[in-house]
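Student: Taken in order, these protein sequences are the chains called D and V. Quick note: the first sequence uses our numbering, first residue 48, plus one each step. Quick note: the second sequence uses our numbering, first residue 75, plus one each step.
Hints are supplied without guarantee of correctness; some may be wrong.
Stated by the list, open to error - Across the chosen pairs, the derived CB separations fall in these ranges:
{"no.": "1", "chain 1": "D", "residue 1": "468", "chain 2": "V", "residue 2": "100", "range": "44 to 54 Å"}
{"no.": "2", "chain 1": "D", "residue 1": "85", "chain 2": "V", "residue 2": "135", "range": "57 to 67 Å"}
{"no.": "3", "chain 1": "V", "residue 1": "233", "chain 2": "D", "residue 2": "360", "range": "27 to 37 Å"}
What the hints assert, rightly or not - To be clear about the criterion: a stretch of chain V counts as covered by chain D if any three or more of its residues have a C-beta under 8 Å from a C-beta of chain D, and this derived list gives those stretches:
{"no.": "4", "stretch": "86-93"}
{"no.": "5", "stretch": "104-110"}
{"no.": "6", "stretch": "134-140"}
{"no.": "7", "stretch": "152-166"}
{"no.": "8", "stretch": "170-176"}
{"no.": "9", "stretch": "181-195"}
{"no.": "10", "stretch": "203-215"}
Honestly, the hints are just simulated from the structure, not real lab data. A virtual CB, placed ideally from N, CA and C, is assigned to each residue, including glycine.
One letter stands for each residue in the lines below.
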Amino acid sequence: MAWGILQIVVFLILLGLIAKPLGTYMAHVYRGERTLLHPVLRPVERFIYRVCGVDERREMGVKGYAISLIVFNFIVLLFIYAVLRLQGHLPLNPAHVPDMSPWVAFNTAVSFATNTNWQVYVPETSVSYLSQMLALARENFVSAAVGMAAAVAFIRGLTRHSSRELGNFWVDFTRSFLYILLPLAVAGALFLVSQGVVQNLNGPTHAVTVAGVTQTIAQGPFASQESIKELGTNGGGSYNANSAHPYENPTPLTNFVEMLMILAIPVSFTYLFGRFAGNQRQGWALFAAAMVLLVMSVGVMFASEQHGNPNLTRAGVTQAATATQAGGNQEGKEVRNGIGASVLWATITTDTSTGAVNSSHDSLTPLAGGMAMLNIALGEVVFGGVGVGMMGLLIFAVLAVFIAGLMVGRTPEYLGKKIEGREMKLAVLATLYFCVTALGLAAIAAVLPAGKDAVLNHGPHGLTEILYAALSQTGNNGSAFAGLTVSGKFWSIAGGLVMMWGRFFFVVPCLALASSLGAKKAAPESSGTFPTTGPIFVVLVVGVILIVGALTYFPSFALGPIVEQFLMNAGHLFS
Amino acid sequence: MRHHIGIAIRMTILTAVLLGLLYPLAITGIAQVVFPGAADGSLVKVGGRVVGSSLIAQDLTAARYFHPRPSAAGYNGMASAASNLGPTSRVLVDRVRADVRALIAQDPGLRFGAVPVDMATTSGSGLDPDITVANASAQAPRVAAARGMSATAVLRLVAAHTTGRTLGFIGEPRINVLELDLALDALQAKGGR
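Okay, chain D solo, but in the shape it has when bound (with noise of 0.2 Å):
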């Protein structure tokens, strides 16, 4: 137990260490200053645009950065939609999957272009080696690189004076992928295959086992998908299993790395807002911010995964640990991992919204299925999805200095910008959409016949299935109660919508957000600024993220998680 916790504790102490040198490097990228890669990059970066067409030095205010942005992504979708219809016709499917059918299809390629990466269908059997390389492993770069041109130009606008320019999305979209998605992949991928991640084009294999049955077993070019699925906080399995898959994730050490990978990008963002901001104070007090939210997730996830299920107990198997044995609740979970790498994973994929799983969700134990749960309720904000939780949380900052500045009777600043009207409406409307959504579609899903009979478990628990697929897909986290049966109609086209919603509908007022900051003039500080870098922004930030998620969430989760932890410690079974 205490080597769970030691791990945990090494892992935050590295992160804080990759986030200045990721974070410059990558400041430096996005202002096109030289780095140590331009030698070799720079002439791929100008290639690029001249076989795209793209004007490197043209700026672009909202409206251009928002729609070159979604044109793209929606003639990406198309693509991706046609690869998986026609898979069972292309070349590379030594499996011989069949095409998709139109609804799923539909489903994965939303999913894959909003960097959701939830999954309807199972891979072993329904995803060619081709659409998984040309379809979904390339859509994890795209959708990546998307999000973080997006934050770029947030940041941007936040941080200029007097100006409605974004900065170039093809630019920076461009940057994205090719000089940090694109190094950091590569070799990620070629130690996740040092380790045992498969990397081949062989069908799969047909063994004969030690009792003498046929085993069949799915091999694919996988570690290449891995490594960037992680990186770009995008989650879609090669595997139905996910990173609980051991040929996505064998050793104790590839998940310790692929973790690290997770939170790599997100990280470092909140130091490039320093650089950008031209105070590194301004980063640090984001970056704290998100730790104690993590620390928080993964410390109640800690306490109640080992404290294990009481109605297994009375089952009759021990869950103490010992020296020989990690003990808690090891149903869903895998023996490498044991406690501590399972909710420190289980606490980072919802805290970003990358959704990919090393354990079961469905089978964790209420409290620990709840705070997963609330951390994607919360908006995905600590440290978030690459780029768009920068965003996220960039606008609770906005909201925080709101409220100081109600508290207080003046006009709130942040950057030295007055926040007015605009702003404020655009950051409730970015906050608003999401719960909003979510919560409508758990609500119509927990009436209709299609939406609840799709549910595994029942009791309290078959709700949580449903609010944790709702809260999932609207926050493009893609991780699942996977219990929950959601390749049918409903859940598919469903939840399709509320993605594509979800992604957009936050991205374009954020936009419109940083534009109506950046054409602002800045105010010199003075003893009446309220300063956001010290320890009471930094409360006040946490406050507010955990204010607004309690106000909004307290009633649903009481029917869900909350009342099943009671019930489990009663011995209350539901068949």
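We have chain D; now place chain V onto it with these hints.
Tutor: Positioned in the frame of chain D, the structure of chain V alone reads:
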């Protein structure tokens, strides 16, 4: 608008070639040269025949072998899966209770209330290749008896196959079931007791 669409289409094609084909194929090429065994799925051969993968659990029920954890996927390498049963599921609790009863009948050293939790719970993948030290220790007397070996010899082999935490603190100690079972077969084939 037309300008944006033109760029978007060209960018879609370019990223498809660069990130969707060149990147994964280049990694495959390098992996196949540098780490061929790992890239092909860590397959295990006995006498030239593939008997499985050291990373994928397989169904073993004979008394002379150590058994992997129960599987919600039926050890199907084409359909990895967890049970997804929640903590208040009667299906889960009934299954665990039935497994505990069967385990106690099979491994005489086990007592109700003292069955290591990983023996009676299904993993996240349904293909977990490992078991805990507690689990292996509980199975060792049965395996020794079935093979006519001494319990100490079996436990010595278990200890030799126990992998500790990586770098001393990452993950949990574990024993790879297939590797342990094949080592037992090899030891007995050489006439070891």
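Student: Are the hints correct? Go through all of them and say.
Tutor: Hint check results:
1. Between residue 468(D) and residue 100(V) the C-beta distance comes to about 52 Å, which sits within the given range of 44 to 54 Å.
2. Between residue 85(D) and residue 135(V) the beta carbons are some 60 Å apart, a value that agrees with the proposed interval 57 to 67 Å.
3. Separated by about 29 Å at the C-beta atoms, residue 233(V) and residue 360(D) satisfy the suggested range of 27 to 37 Å.
4. Restraint check on the stretch 86-93 of chain V versus chain D: 5 residues with Cβ-Cβ distances below 8 Å, three needed, restraint holds.
5. Restraint check on the stretch 104-110 of chain V versus chain D: 5 residues with Cβ-Cβ distances below 8 Å, three needed, restraint holds.
6. Closer than 8 Å: that is the beta-carbon criterion, and the stretch 134-140 of chain V has 4 residues meeting it against chain D, so the requirement of 3 holds.
7. Taking a C-beta to C-beta cut-off of 8 Å, the stretch 152-166 of chain V contributes 15 residues in contact with chain D, enough for the three needed, and the coverage statement holds.
8. Counting residues of the stretch 170-176 of chain V whose C-beta lies closer than 8 Å to any C-beta of chain D gives 4; at least three are required, and the coverage claim holds.
9. For the stretch 181-195 of chain V, the assignment as covered by chain D holds, since 10 residues bring a beta-carbon within under 8 Å of that chain's beta-carbons and 3 suffice.
10. Closer than 8 Å: that is the beta-carbon criterion, and the stretch 203-215 of chain V has 8 residues meeting it against chain D, so the requirement of 3 holds.
In summary, the structure agrees with every hint in the numbered list given earlier.
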